[in-house]
Amino acid sequence: MKLNVIVNGQKISEEVAESTLLIDFLRNHGFYSVKRGCETSNCGLCTVLMDGKPVLSCSMLALKAEGHTITTLEGVEEQAKQFTQFMAEEGAEQCGYCSPGLIMNVIAMSQELTHPTQEEIKRYLAGNLCRCSGYMGQMRAIEKFLRKEQL
Amino acid sequence: MLQIQKYYRAESLEQAYQELIKNRNNQIIAGMLWLKMQDRLIPCAIDLSQCQIDQIEETEHEFKIGAMCTLRQLETHASLNAFFDDILKKSVQDIVGVQFRNMATVGGSIYSRFGFSDLLCALLCLDCDVVCYKKGTIPLKEYIHQEYERDILTHVILHKKKVKTAFACVRKSSTDFSILNVSASLNQEKIRLCIGARPQKAEMLEFDPSLNLNQVMQEVEQHFSFWDNMRASQRYRKHLCKGLVSQVMNELKGAQE
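Chains as they are written, first to last, in this note's numbering: chain A, 3 to 153; chain B, 5 to 261.
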């Protein structure tokens with residue numbers, strides 16, 4: 003079936019198999035930041051933005067994105083770079099595998115919540131799992147990033 | 005693995021219904037989150053995204069919630085939550101993560117009448133109807149006991165009857181399935197208490213607000229059954245139940261005084 007979608011500002015129109023998941027469609031187009039972690043809709047690694055809202059690309063049919071705008075990490079390079087600098091300064095990352103999903107959700111949060119409290123940040127990001135850290139470094143980096151973003 | 009032979013983007017509920025009844029294995033896919041975990045072949049997956057049932061409409065007497073509204077829409081709807089003391093927000097906010105709740109739908113959770121449904125437990129303590137395309141309007145408390153018919157749940161209606169509400173749940177980790185859910189509402193005449201994730205679907209009990217906690221516990225013991233599953237034993241659930249029921253009753257009592 004034909005799918006028309008805008009990914010990172012680029013229009014894509016092509017035939018896709020009905021069962022194709024959004025994650026596979028995106029990876030087939032070279033957006034390799036989008037990765038599978040758990041495949042049970044729990045870990046948040048495959049997070050992309052659909053019309054600015056974070057969704058799990060491993061759990062959505064590509065065809066459901068018809069007419070919508072998808073943003074992956076490749077589409078928010080500048081913001082991602084700023085955020086990862088805060089992450090590096092806080093020594094937050096160990097293996098870095100969960101980063102793409104976390105970054106996408108932090109960006110979504112910065113657009114949705116204004117001056118969130120720590121509790122609100124935790125709630126918003128509860129669906130992004132990291133198995134190396136205890137989230138402390140991430141929390142410091144996120145708070146600094148938000149302070150800069152939401153002056 | 006879930007396999008889909010044909011994807012059908014219905015433009016009206018009638019189109020969706022006609023496609024649904026063509027084959028008993030055809031399926032409305034809603035948010036597709038639970039479906040995706042299944043190993044099955046769907047001849048035709050019917051998407052209701054274009055059927056214009058994805059909004060919450062507020063009128064003088066009710067909130068009309070479209071079946072394709074996401075759990076996140078419920079969670080963030082200010083006047084809906086203000087009216088019912090945040091019970092909808094409280095019931096869904098621990099479900100996996102924001103990304104998941106941006107996809108999971110009200111209709112998917114309520115049509116399926118999942119045992120683990122936190123939302124079903126919360127809605128059941130309110131004055132709530134469901135609207136089905138063919139069958140029309142049915143009170144939720146009756147709908148939960150009905151067969152899974154070949155019909156489309158189109159709306160959930162919450163009547164604006166002022167009640168005080170409370171919700172409590174226990175999860176092993178913050179975003180996991182509930183081991184037990186308890187919701188309650190209070191008006192002048194009665195208290196409505198619902199217990200879900202027993203692990204069976206939520207059930208409801210009504211009693212006079214003058215009952216004391218011991219009497220309430222006796223009623224609960226007679227009325228509700230609990231079972232084992234991989235998350236918790238029957239004994240553990242019974243034990244938890246006492247704590248959660250007393251927690252929600254205290255919350256309601258605080259509001260009463």
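These aren't lab readings, by the way, just hints derived from the structure by calculation.
Ideal placement from N, C-alpha and C gives every residue a C-beta, glycine not left out.
Hints are not guaranteed to be accurate.
What the hints assert, rightly or not - Simulated restraints, written as ranges between beta carbons of each label pair:
1) TRP231(B) / LYS150(A): 47 to 55 Å
2) ASP43(B) / MET138(A): 21 to 29 Å
3) GLY258(B) / ASN30(A): 35 to 43 Å
4) GLN150(B) / GLN152(A): 44 to 52 Å
5) LYS242(B) / GLU41(A): 55 to 63 Å
6) GLY32(A) / LYS164(B): 24 to 32 Å
7) GLY32(A) / SER250(B): 40 to 48 Å
Stated by the list, open to error - Derived lysine-lysine pairs resembling PhoX-like cross-links, with alpha carbons at most 20 Å apart:
8) LYS55(A) / LYS93(B)
9) LYS124(A) / LYS94(B)
10) LYS165(B) / LYS93(B)
11) LYS124(A) / LYS93(B)
12) LYS4(A) / LYS139(B)
Each hint, compared with the structure:
Distance hint check for TRP231(B) and LYS150(A): the Cβ-Cβ separation is about 51 Å, which falls inside the suggested range of 47 to 55 Å. Checked against the hint of 21 to 29 Å, the pair ASP43(B) and MET138(A) fails, with Cβ atoms roughly 39 Å apart. Our hint of 35 to 43 Å for GLY258(B) and ASN30(A) is violated, since their Cβ atoms are close to 56 Å apart. Judged by the Cβ atoms, the range 44 to 52 Å given for GLN150(B) and GLN152(A) holds: they are separated by roughly 48 Å.
For LYS242(B) paired with GLU41(A), a C-beta distance near 35 Å fails the hint of 55 to 63 Å. Range check, GLY32(A) to LYS164(B): Cβ separation about 51 Å, and the 24 to 32 Å hint is violated. Between GLY32(A) and SER250(B) the beta carbon distance is about 56 Å. The supplied range of 40 to 48 Å is therefore violated. Taken as a hint, the LYS55(A) and LYS93(B) pair is honoured in the structure, with Cα atoms around 18 Å apart against an allowance of 20 Å.
Of the supplied pair hints, the one linking LYS124(A) and LYS94(B) holds, its CA atoms being roughly 15 Å apart against a limit of 20 Å. Restraint check for LYS165(B) and LYS93(B): the C-alpha separation of about 18 Å stays at or below 20 Å, so the hint holds. Pair hint LYS124(A) plus LYS93(B) holds up; C-alpha atoms about 16 Å apart against a cutoff of 20 Å. Restraint check for LYS4(A) and LYS139(B): the C-alpha separation of about 34 Å exceeds 20 Å, so the hint is violated.
When held up to the earlier numbered hints, the structure conflicts with 2, 3, 5, 6, 7, 12 and fits the remainder.
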